[in-house]
Each structure stands twice: as C-alpha cells, then as structure tokens.
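Number of protein chains: 2
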Amino acid sequence: MKIGALYLGSNKCHFNVWAPHANDIRVKTYFPEEKIIPLAKAGNGYWSGQFYNISPGTRYKYIINNRAEYPDPASNFQPLDVHGPSEIVDHQSFAWTDKGWKAIPLEDYIIYELHIGAFTQGGTFASAINKIPHLKELGITAVEIMPVAQFPGNRNWGYDGVYPFAPHHSYGGPAGLKQLVNELHKNDIAAVLDVVYNHLGPEGNYINQFAPYFTSRYHTTWGDAVNFDDNLNAGVRNYFIQNALYWLREYNFDALRLDAIDKIYDSSPKHFLKELAENVKAFSDEAGVKKILIAESDLNDEIIIRPIDEGGYGLDAQWSDDFHHSLHAIVTGEKEGYYIDFNSVADLAKSIGNNFVYDGAYSVFRNKIHGNSAILRDKKQFVVCIQNHDQVGNRAEGERISSLISFELYKTVSAIVLLSPFVPLIFMGQELYESSPFYYFISHFDSELVQAVRSGRKEEFLSFNWTENIPDPFSEEIFMKSKIRWKLLADEKNAAVFSMYKRLIDIRKKNDQFGIVKNDNLEVAHSEEQKFIRVRFHGTGKEVFYIANLGSGTIELREGVPPGRWKNIFDSSSSQWLGPVVSENTNRLIGGEKIVLYRESFLLFESEI
Amino acid sequence: MKIGALYLGSNKCHFNVWAPHANDIRVKTYFPEEKIIPLAKAGNGYWSGQFYNISPGTRYKYIINNRAEYPDPASNFQPLDVHGPSEIVDHQSFAWTDKGWKAIPLEDYIIYELHIGAFTQGGTFASAINKIPHLKELGITAVEIMPVAQFPGNRNWGYDGVYPFAPHHSYGGPAGLKQLVNELHKNDIAAVLDVVYNHLGPEGNYINQFAPYFTSRYHTTWGDAVNFDDNLNAGVRNYFIQNALYWLREYNFDALRLDAIDKIYDSSPKHFLKELAENVKAFSDEAGVKKILIAESDLNDEIIIRPIDEGGYGLDAQWSDDFHHSLHAIVTGEKEGYYIDFNSVADLAKSIGNNFVYDGAYSVFRNKIHGNSAILRDKKQFVVCIQNHDQVGNRAEGERISSLISFELYKTVSAIVLLSPFVPLIFMGQELYESSPFYYFISHFDSELVQAVRSGRKEEFLSFNWTENIPDPFSEEIFMKSKIRWKLLADEKNAAVFSMYKRLIDIRKKNDQFGIVKNDNLEVAHSEEQKFIRVRFHGTGKEVFYIANLGSGTIELREGVPPGRWKNIFDSSSSQWLGPVVSENTNRLIGGEKIVLYRESFLLFESEI
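Residue numbers (our numbering), protein chains in the order written: chain A, 168 to 776; chain B, 168 to 776.
Incorrect hints may have been included.
Chain copies aren't distinguished; within one or between two, either way the pair holds.
Unchecked claim - No farther apart than 27 Å at their CA atoms in a straight line, the calculated lysine-lysine pairs in the BS3-like style are these:
| hint | residue 1 | residue 2 |
| --- | --- | --- |
| 1 | Lys654 | Lys169 |
| 2 | Lys169 | Lys535 |
| 3 | Lys669 | Lys685 |
| 4 | Lys502 | Lys208 |
| 5 | Lys448 | Lys266 |
In short, the hints are calculated from the structure, not lab data.
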C-alpha cells in the first residue's frame, strides 16, 4: 500500500500514514495556508483521508494525538531540512523525455559510483548532469548514486538519511533528481540508486513516534535494529518495499543498491529481502522492464542472490568484498583489519574462479567460519572494484588506491577490474587517476551528535594504532577537499589513465567474452612465487586471456600460455599509457613463444581465429 | 571435537576444554585426592592434556588463569549440584543389554512425554523403569524425557539446566539414565531426549567464564542469546553439536527434541541447525542407524524440516502448535493469548490438511504475518498433541485438558490425536484421565532468583487479567501435587480411558493408513455450523475415515459419507468407554445410509473390501 501524501492531480491529495498506536492523526498544513485536517482510521493501523484544495508545494506535518507535530515518515521532499515540514510533490508534472529508454541488462553494466555533493564543484544533480558527456566519453553504462535521502545539513555521505523518500533539498530535490535520471537515460546510461534499509540516521529520526519501526530484539552498531520480524512488522516492511517501488516508479531508476543487508535481521519465514525481490519482480513484470536489485552483503551467503524458485531470496547481484580485499591486499601489502584474511595471489584467483574466497573457510579477522559456496551463481551476479566510497573513505585519511600503489600497478589493477568476468564498478575520479582523498564528512545540526561522530571515528582508528589526528568529519574544508579535481584532465598522466580507461571499456564492450561468463568457460591460473594471475575466457566467439604481473620483477613465460595463435591487444606497460615499453606490444604469439611481462604489467591477448 | 573429561580406560583421562581467552588452565581434582594438573594449548582456543592415575569417579574443577575455579562446561556429572565439582564418568563401564534393538522409524512413533521427577512418586530414572510395563501395555512406541541436564536443586522442569552433558544427580545420574534407555529399548520403546540449545539457566551458569558462549547481538527473554554466529562462534557450535552426539552415542538415545529453536538466532550462511543435522546424519550413517531430530518451533517455517538437498536445514520433524491450538480453541472455547488466532473448525481442518494454519496468514496475536507453506512436507514430520508440559504447565493453574472439557469430548480429542495422520504425542497421565494439575516448579538455591521467578510469573499472568494468587513455583507441595496419581487406575472412568487409549493405539498400529500418509491420500472435510470434521485416509490397503462431532448437538449425516461399504470399528460414545450408546456401534454402512453422531463423539469406519 502506497504511503505519504499522494497527489492525485486537480488539487486533490490522498494522505496515508501508518500510526497503529495513535488515537488521533491530523494533517497540519503550513504553506500556502494554515489548515488542520483530521485523518480517519483506514485499517491495519493506517490513517488516511482524501482532500481537495491542496496544491503541490503545500507544506505539512502530522499531529499525533493532538500533541506533537512531526514531518511525514514518507515525506517526498524536505525543503527546510530534517526538522522542517514535508512538501507535497506532483510526480505527474515532470516531463520525461527518455521514452525510447530500454533497460540495460545486468551483464552489460559498467558502474560508475558517485557522490552528488563531491562529484562536482556545484554538488547538485544539475551540475552532475553537466558531467554526463564525460561519462559518455568514458563509456560506462551505469551511474550509481550514493544515498540522496534527506540527511541533516548539506554534507553527508548519505547514510544518515532520515527521510528515505525525499531527495536532499541541497542537491536539487525531486525535480533535480528526475532530471538527472532522465538525462542519463537519454545518454544510454542506467541509473542506480543506493538505498539504506538497515537503519535511519540519528538526527531528525521521528518515524518511531508514529510506529514501532525498530526492535530491541536485535542490536546493531546504530542501536535497535529495524523491525522486520517483530510485532507490527507489516507496516515497517511495507514502508521499505514502497520506498523501493517509489524510486523505480516515480524516478525511473533501473536498479537499487541495498546498503549492508547483513544488518537487516529477519527471522520470519519469508525474509524481507525475498519479499522485496518479489515485489520488485511483480513491478518489473507489470512495467515490462527488468528492474535490478544489488546487495551490499558482508555475509558471503549465496542464498541472497539465489533465484527464488531455487529457494533463495532472489536478489540479482551483490558486491564482492572478497575480490576487492584480495586484490587490495596483494598490491598494497596491507594486513590491518580485514586484510589479515587475504594474503595471496591464490585468494585473488579463487575470488575470480569461485566468486567467494570465504565459502565456509575460517576467517581469522572474524574469528569464525565465514560464508558458503556461491560457485553455482553467475559471474554477472557479483559487482567488483578496486575502490569504492567505503574502501577509500573508511580509511582514517581517506586515501584512494592511486596514492597507495605505483602508477604501473594502478593501470594493472584497473585492467583486472574492467576486464573481470564480473560487473565492474569504478569510483568517481578513478578514471582521472584522482589522488586526493575522499574523506568521511557530516554536517549534523546537533553539536552533541557531531562530537559523538568525531570521538567514534577516533576510537575506531585507535584500534588500528592510528595515532595521528583524524580529519574532522564536520569540517567543510574536509568536504571541499573530497571533491573531484576535474582540471586533472589537463595533466599528461591523468589524461593517459583516462584514455586507457576508455580503451579498456571499449575492449570490454566489443568482446562478448567479458559479458555473460559461465564458470565452465573461465579458467584461472596463478603463481604465488612469481605473483602473476592468468585468466582465460573461452566461450563462443573470440577467445581472450590476460596475464597480470602483480610483482616487482620481470617474468618470462613460455609454459602457461594457452595453445593457439594469439594477438596482444592491450599492454598496460605500453608507452601509450606512459609505461616503460616504447612501442605498443603487438607481438603475435604462437604457442611456445615466450611472453615477457614487465613488472606490474597487464597483457591481454585475443585469439587469431 | 569431543570436549570434557574423556575417560579412556586404565585410569587414563583426556581433558579438553575451550577457553580461547585464558592464559592458563589447570585441572584441580578434589576426590579421591587433591591434585593440580596444567593443561596445554591445543589450538583454536582449546586446552587439553592426557593423564594417568585418574580413575572414574574423580571429582574436579578447572582453574582459569590461576584465579577462579569452575566446574567443567561439559561436565558429565554434577554429584553435588550446580556449584559443586564435576565427576569423571566411564561410559564404557555400562553393560548395554539392548543389543537387538533396532531403531523405530519416525512414522511409527507414538510419543509419551514425561517428566522424570513428576512421573513417579520416587521421581528417579529407576522408578520410571518400574512403570515401563504400564507403557508397554498402553502401546506407545517412544518415550520423550523432559530435559535432565543438571539444574539447581531437585525440582525443575529442566529448562534451567546449566550442564547440558550431566544427567541430574537427584534423578540417578548417568548410570540411572542409561539403565532407563536400556530398559526402554528392551521393551521396544524408543528413547527421545528433550535438549535445550537456546539458553542456559540462570544459576550455576559458569560457562561464560570460559568463552563467549553468549552474544549481545540478539536479545531473548533469557538475556543475551547463545552465540551461534558472532566472533568465536565455532567453539559454541561445537559445544552443542558434541552434546547432541554425546546423547546419541553414550546414552543410545534414538531421537532428540530441540527446545524452542526459534530462539536460536543465527545469521551465518550455514545455520546451526543445518550443521547439527549434518553431524547427526553423519553419525547415523556411521552407526548404521537413523537418529532423529525433532524441533519445537514457533516460526512455522518450513525450511527447518525441509531436506538439506532441497535447501532446508534437514531436521526430521517439528511440533505442530497450530494443530494443538486449533483443537484446543474449539473444544475449550478459550480466546486468551494465542488462542485468539484459532476459532474455527476450518482451522483444525487446515492444520490436518495443510500442516500449518499460519502459512503466511496474518496473526492477530502476533500482530504480523506468520509462517510459510509446509504443504510439501510429509505428515510424519509433524508431532501433534492435545496437551504437553507447556500447554498444561504454562497455564496459571496448570490445568490439564481433562479438567477443561467434558468426559465425552476428552475421548473424542484423544482419538483425533491418536488417529491423526501425524506423529501423536500424549503427556504423561493423559491415558489415565489424570485431572490434577501439572504446575510450574523450581528449586533454585539463590533466593533472589526464586523471587524473580515468582514475580515474573505473576506479571506474565497479570497480562491475561489473572487476579487470583499464582501457585508458588518454589513450593515443594506444588511439585508433589504435579505427580501422576497412579492409583487412579482403580477408578472406573480412569480405567475406561486407559482401556480406550490402548484400543486406539492398537487400531493405529494395525492399520498402515495412519503411518506414512501423503497429502494426496488424505481428504479433510468439515462443517463450521455442525462443528464436525471428517478425515479420510485412502492410500493402499484398508481405507479408513473418521468423523468427529465437536459440538453439543446430535448430528445425522447422510451426505458427507464417502461411497462404499464401511464398518464402524470405533465409537467413543460407546458404553464400553462409559458413553451414552449402550451397545458398541457396529453398524455396517452402505453409501447413502445415515450416520448418527452423538454430541462430542468420534466414529471410525474401515472399508469392508
């Protein structure tokens, strides 16, 4: 059941709010005029009413039991931030011009993750639109937008959102977000939204005044967990399911990325994620277009992405932490935190071959057995990266991978990601060889909360023996420093990386081998001693294989090259990408000939048949 | 990995205890002599050592970090109660004489649930053995023993146990329990033990001194949940899995009944229950005998009993609350607590036909959608009853069903249970028409705890508007009043019920229809208005159907009788069972003839072909 202020046209509006314990619920409008309108009980704890003479733009709150006033839990817009009134939005008024838009299949996704505030100097949906030509030139096929739900103040990663239905006013609100999606579609780019169903932020979190949205049954780092399985859970489940459908329906999003589903606790016979997937599937069937759900999951549990008819929850894909961690650990040599669990080329090979490294193996970091086997799942069900907002911003200094490894290695890991059998994801600026940090930033109004965030972050890094000053998350300077420096493109090295990214994406798009990959047409070999990995794709069409040298020595390989005639079509060490090899390596390879792999280089070969 | 003091014969003993945070672990023996023996780290947080000159009967504790002494978490015997030392048991010394014993298949189980303390005046395993001739005469095929793990004092239901491996000293300890199982087997009766893996009792609960057995991630009515999925969970999982295997191996139990598995919280990719089932299966395969796991579950989640190769957890069966509640609600008219969700003959019919009544339907009592469909599961995967220790003892006054309904109705509900397509369970004394209460009783040493239990119980019943005095659970009188009155057999009415139970069990055993029932050879019809239910079994062999009149009026039925020639083989209203019908109803029925169903009566017909 739809919730919120549902504008029906002709100055008619239907209100529907879930408040099962309330004795009285009224709508109080503030603007353009003050009115108080009582709602009536509508069954199952909902209160509703349909009224005339209410125009879009009307601002309102709900009055509970004639005592306290709060914004709408399903507010579509919070023009005056988290403590202000909600605003009625007419979703019919936006003129979509992406009519010819056809959904891109998941296997063709090449995802670009961005944060609206930090992507551009302007920090708005509109200024992001100005960068679409750059994305189009780059060749990515999907943009994933970090959470936009209204959070307090103008600076926040988005995970402190408290109005899951309201695009942030400082980004440009509902109209701005629709325009961005519309323009992406017109440029053949899919739009993915990051949504948070495992908690709400601490400031402006009024929804518990309406109903038991949280339960003490489970305890998370954010406090009581969202109530997906305790008494009166139906309204809670409906709230988040409606949220998902709302973004797909009113904003034309193609996919949702579900934040940390491991913190969605649910012992019900039907897991919330399964119910969500069923609803999104029903919506897709009705709309005639496949909408996609991608989970961030720390569980390594294959059930999340197993199809419903095989007993799974039926999500389409999930992020692969194991891929990131094993690649990151090899190239940086880091062993802190969860990287202690990843320390070999074998781990990287296993993550590419078997999807999970921890598939029932004992994790030292976790002090427990972790994961189950996902070997039966398709490659396109995993999203991989060498950095994302978390892996960068959750470091004390927010360092990007570009500042942790050499230029040559940077190009090689980029190729491993972009030519992986999985769905690649790059983090904004990665294509520019951006090296300035992406910090953690907040702008709560509540100064006690700000202090709590500051100390929380200090404590977090103290446990890693971090002794230096932690950048202040509340500082506006820190936020400004996190923005992409677009002028980098004028520099030779940055331009070379951008050019190489375009080439790799072009190669990926032109060879179907990188798309629908099944386990039995993928072959992964590696050498721990020589620190190389070889991945061979042999489905139908032109076969390819790559060898990546992750070590600091030159490798001469004779054995280990698959039989047949091969042509080198990409060399990360080529002078074209400012590498040490003067001319592009165009050696034709006949089985038995040797390959020379310069330190930290990546070579891609295509079959000559 | 086995844990505890493992006696190896020839005065040799191997100790193994899990204490991952300890710096030092020693064994301190008290009896027959005082010794201190240091253990060594054995990997994965275990400490172990193998020593000579240690005889069975030796009493010991562990000393942690040279500071505090505690009994063994896996103590096999606590002769001096929960705070005293553990005692080494030689499991090889017991002479089993049940060698010819073959496991009874689950579909042939007719379960008799008993509480060792209340089953006999003696209240011991030995005195229970004296009652085996009675059980044999009755005809039940399995005895389910309420938990025997060491709890504080001599009076307790067993759910406050704190040494899951130690049969209570006041019941007769390890030797007594083995003797009971041995004698049951010699009388062709399977032995089922009720085990508690969702919490430990509050007094004498020292295991958390050794390792993180509990986690604050989940909150239960007993406090922090058992740590099945948080850091260092492997030792916790092993502890309970070893416990299950220990009862099956050392005590020859045939089956385990797992208490309230809905309070076993586990978000791991492999649920603890699945790992347990896998281990029990491996043990069964090795032993060449099928051991059985039966869950008490408040989840109505079919995954618990779905086979592992179909994606389930692989337990064999579960208790069916829905059957009990729907039958109880119809015959008592009660609407308090969870009975509010059951108020029609249709519910009973659905519980018999579809296994779950709440299979995704909205529960008013729970304020949420409850359950999923279990229609694909076999009938033998559900254990049904009209009363058990909980349904009796968790009433403020501990009333048995016999004191809540008429004599005629008592016989009818008995027949519905005993001739159900499921596995029937009767609660001790039920076959004697026992009407004295089965109270809730405890005997903690800690007086503050006793007071807490008293007030907790008062509060619980206050919520049901219970205003009278709640029987004092600490009172010894209350415990004595809960014992079965065996002299009842001398009374005519009680003897008639006992005789009828024997007949019904005999009928069940003689007709395979009641055994392996598939959904497609079961047909359930009912009338809400006339309050009758008809259940027809038509597999191979002699078909049967019964009609039960749960209302207070006579019913004349012409339509609604299946076609064919039928012979009445049981009539609960017959004078033989002190009913109003003078001669036993031996009407042969030809399709079209009418059946007269006296008020509250049950008629069973068998096909004449």
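Now for the hints, and whether the structure bears them out:
1. With identical chains, the CA atoms of lysine 654 and lysine 169 are never at most 27 Å apart, being 45 Å at best within one copy and 65 Å at best between copies.
2. Taking CA atoms no more than 27 Å apart as the test, lysine 169 paired with lysine 535 passes between copies only; the shortest distance there is 19 Å, against 42 Å inside one copy.
3. Taking the shortest Cα distances, lysine 669 and lysine 685 sit within 27 Å of each other inside one copy (26 Å), while across copies they are farther apart (62 Å).
4. Taking identical chains as interchangeable, the C-alpha atoms of lysine 502 and lysine 208 lie at most 27 Å apart only when they sit on different chains, with a minimum of 25 Å there against 57 Å within one chain.
5. For the identical chains of this complex, lysine 448 and lysine 266 are intra-copy neighbours only, at 21 Å inside a copy versus 57 Å across copies, given an alpha-carbon limit of 27 Å.
The structure fails to meet hint 1 from the earlier list, while all remaining hints are met.
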